Amino acid sequence: MALPLHERALESDSEELVRMTLLEGGASPQLINLLIPRRPLAPGEQYRFHFDMTKCVGCRSCEVACNEQNGNPADIKWRRVGELEGGTWPDTQRTYLSMGCNHCLDASCLKGCPVNAYTKDATTGIVLHSAEACIGCQYCVWNCPYGVPQFNEDRGVVGKCDMCRGRLEDGLEPACVNACPENAIEIEIVNKAEWRAEHSLGDAPGMPSADHTISTTRITLPPKAPAAIDDPNPSELERVDRYTVSPEHGHPTLVVMTTAMQGSFGAWTAALLLHALTPLNATLLLAITFAAMNVAVLHLGRPAYAWRALKMWRRSWLSREVLLFGLFFGAMLVSVACAWGAAFQVPHAANLLLFAGWSTALLGLAGTVASAFIYLVPARPAWNMKQTPLDFVLSGAMIGALLPAVLARVTTPLVPLVPWLLSWMVRSAQALNNVFMPDRLQHVLTRLVPSMQPHGLLLSLNGPAWDAPLGAATALCVSWIANQLWRAGALAKSPIMESRASWRLLRLPRFSRLLITALASAAAAPLLVAIGLPIVALLAAVLAVASARYLFFVSVVPRNMGLTFLRTRHT
818 MALPLHERAL
828 ESDSEELVRM
838 TLLEGGASPQ
848 LINLLIPRRP
858 LAPGEQYRFH
868 FDMTKCVGCR
878 SCEVACNEQN
888 GNPADIKWRR
898 VGELEGGTWP
908 DTQRTYLSMG
918 CNHCLDASCL
928 KGCPVNAYTK
938 DATTGIVLHS
948 AEACIGCQYC
958 VWNCPYGVPQ
968 FNEDRGVVGK
978 CDMCRGRLED
988 GLEPACVNAC
998 PENAIEIEIV
1008 NKAEWRAEHS
1018 LGDAPGMPSA
1028 DHTISTTRIT
1038 LPPKAPAAID
1048 DPNPSELERV
1058 DRYTVSPEHG
1068 HPTLVVMTTA
1078 MQGSFGAWTA
1088 ALLLHALTPL
1098 NATLLLAITF
1108 AAMNVAVLHL
1118 GRPAYAWRAL
1128 KMWRRSWLSR
1138 EVLLFGLFFG
1148 AMLVSVACAW
1158 GAAFQVPHAA
1168 NLLLFAGWST
1178 ALLGLAGTVA
1188 SAFIYLVPAR
1198 PAWNMKQTPL
1208 DFVLSGAMIG
1218 ALLPAVLARV
1228 TTPLVPLVPW
1238 LLSWMVRSAQ
1248 ALNNVFMPDR
1258 LQHVLTRLVP
1268 SMQPHGLLLS
1278 LNGPAWDAPL
1288 GAATALCVSW
1298 IANQLWRAGA
1308 LAKSPIMESR
1318 ASWRLLRLPR
1328 FSRLLITALA
1338 SAAAAPLLVA
1348 IGLPIVALLA
1358 AVLAVASARY
1368 LFFVSVVPRN
1378 MGLTFLRTRH
1388 T
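Throughout the sequence shown, residue numbering follows the working numbering, covering 818 to 1388 in sequence.
FYI, nobody ran anything at the bench for these hints, they're computed from the structure. The structure displayed is predicted, hence computed values, not measured ones. Idealized CB from N, CA, C, for every residue including glycine. Incorrect hints may have been included.
In silico lysine to aspartate or glutamate, EDC-like type, Cα no more than 16 Å apart, as pairs [what the hints assert, rightly or not]:
#: 1; residue 1: LYS977; residue 2: GLU949
#: 2; residue 1: LYS937; residue 2: ASP923
#: 3; residue 1: LYS1128; residue 2: GLU949
#: 4; residue 1: LYS872; residue 2: GLU999
Estimated spans, in silico, between C-beta atoms of each pair [said to hold, decoys possible]:
#: 5; residue 1: LEU1325; residue 2: GLU1011; range: 40 to 48 Å
#: 6; residue 1: PRO1326; residue 2: GLU949; range: 41 to 49 Å
#: 7; residue 1: THR909; residue 2: THR940; range: 41 to 49 Å
#: 8; residue 1: LYS1310; residue 2: LEU1350; range: 34 to 42 Å
Turn these sequences into a full structure, and let the hints guide you.
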């Protein structure tokens, strides 16, 4: 059966014909040279995409070809097609924007990755991602203003477009370039220094400005099209999903981890200030910190490789958070040992506790600040606010002011049991013929138990403990509420579309009720302290922080390219 169109595609030099196949099918060299460069890269150059909006018909062949080439499921798209519209009936206009990775000159995904899973190829300039190195923390997803990295829940790792590097090395076009029937996608060579100096041709409606990361994709716009999605001038073309906002993932493990770690840091600092750092209190805070750190790894797609997150501490705030909270836990462990040593009247233990205790508090503060800086990313405007670090520190202070009094009430009944428990351990070891306890340890415990006074377990470094003043607790709760209201007002009045969209999400009935609950719980906490209910007051403070932190995650609207009116969002 004759296929005239197929024959013309192979024989003709016209770039306007639908291409059924290219190099492997014997297509015209002139046609192929229009789509991928044939000369080698010179120093200071790299490859980039060129997308012509005037040619794209929105058929999504590029999306399908990309998924088939990379073996991705249908709901994960390394290349996406968005829709733009403008004008007033009957003079309306609709066009499309196809985008893979922009292989930026200042790639934010690369700078934020804690395991160095991203590299920028020195020869081609392609931003590459290593699935083997990835731990699935999704920090690159948060950092990219174009929504390029996609998290694959089944594999537990992130993936992204690599410009079909293997095909390029073989002299073939990327799958999306090959599949486009209108030649709307091409590979070009760009001089990096010249593009860094002037990259306005990378701007397009429905897409964040190329300024964010120096996106290298060149876009040919339709006539009279505006420059960028965040251009202050009115736009003739707008993304069709401009008023379609969906909540993001709530990240419950991160809600638990951040609330518990900030509370632990705040309680430890308050215990030092309130003379309430007793051995039992310190041990319970150590247990809370240990549990929170273990919950944190459940956020990862590959929890078994969580240790890799320490690798890039010089560059990534996520690595710095892991490092600082790890040191915080280590210093806390030393402090707990010193606190118990002081209770057993071990020489110099009390002096060591003074240094170790305050070192722990300072490391906890540094870890909390590093944790806040993780979220100060331009790609998530509702997070990238001065209120975020204030929220993290005030949350720890509010919980911390209330927790020592609760710990004292919990640990006081346990004090008489400690000497008995240690004596029982010695007797049990002797009865079992020293199988589980060496003679040296038995000797130490036998000597220490009589020297320990039970009331010593209730004494801290500087004397008897006392509860937080009601005025201090009230001031912290009021400050926390004021910061939440300040943030909400800033979102509502922000000139950034994504920030205002976050405010609209917070106004949804289910989220506004939760916000009111959080504010009311924080307001009730000092009142509950005043009427003698410190445990209930602590629960109210924890509820306030956890609720606000959940809203912090679900209400963020990331910068992204314009997509379709009906779509599935991924985080």
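Hints versus structure:
no.: 1; hint: LYS977 x GLU949; result: holds, 14 Å
no.: 2; hint: LYS937 x ASP923; result: holds, 10 Å
no.: 3; hint: LYS1128 x GLU949; result: holds, 15 Å
no.: 4; hint: LYS872 x GLU999; result: holds, 6 Å
no.: 5; hint: LEU1325 x GLU1011: 40 to 48 Å; result: holds, 46 Å
no.: 6; hint: PRO1326 x GLU949: 41 to 49 Å; result: holds, 45 Å
no.: 7; hint: THR909 x THR940: 41 to 49 Å; result: holds, 45 Å
no.: 8; hint: LYS1310 x LEU1350: 34 to 42 Å; result: holds, 38 Å
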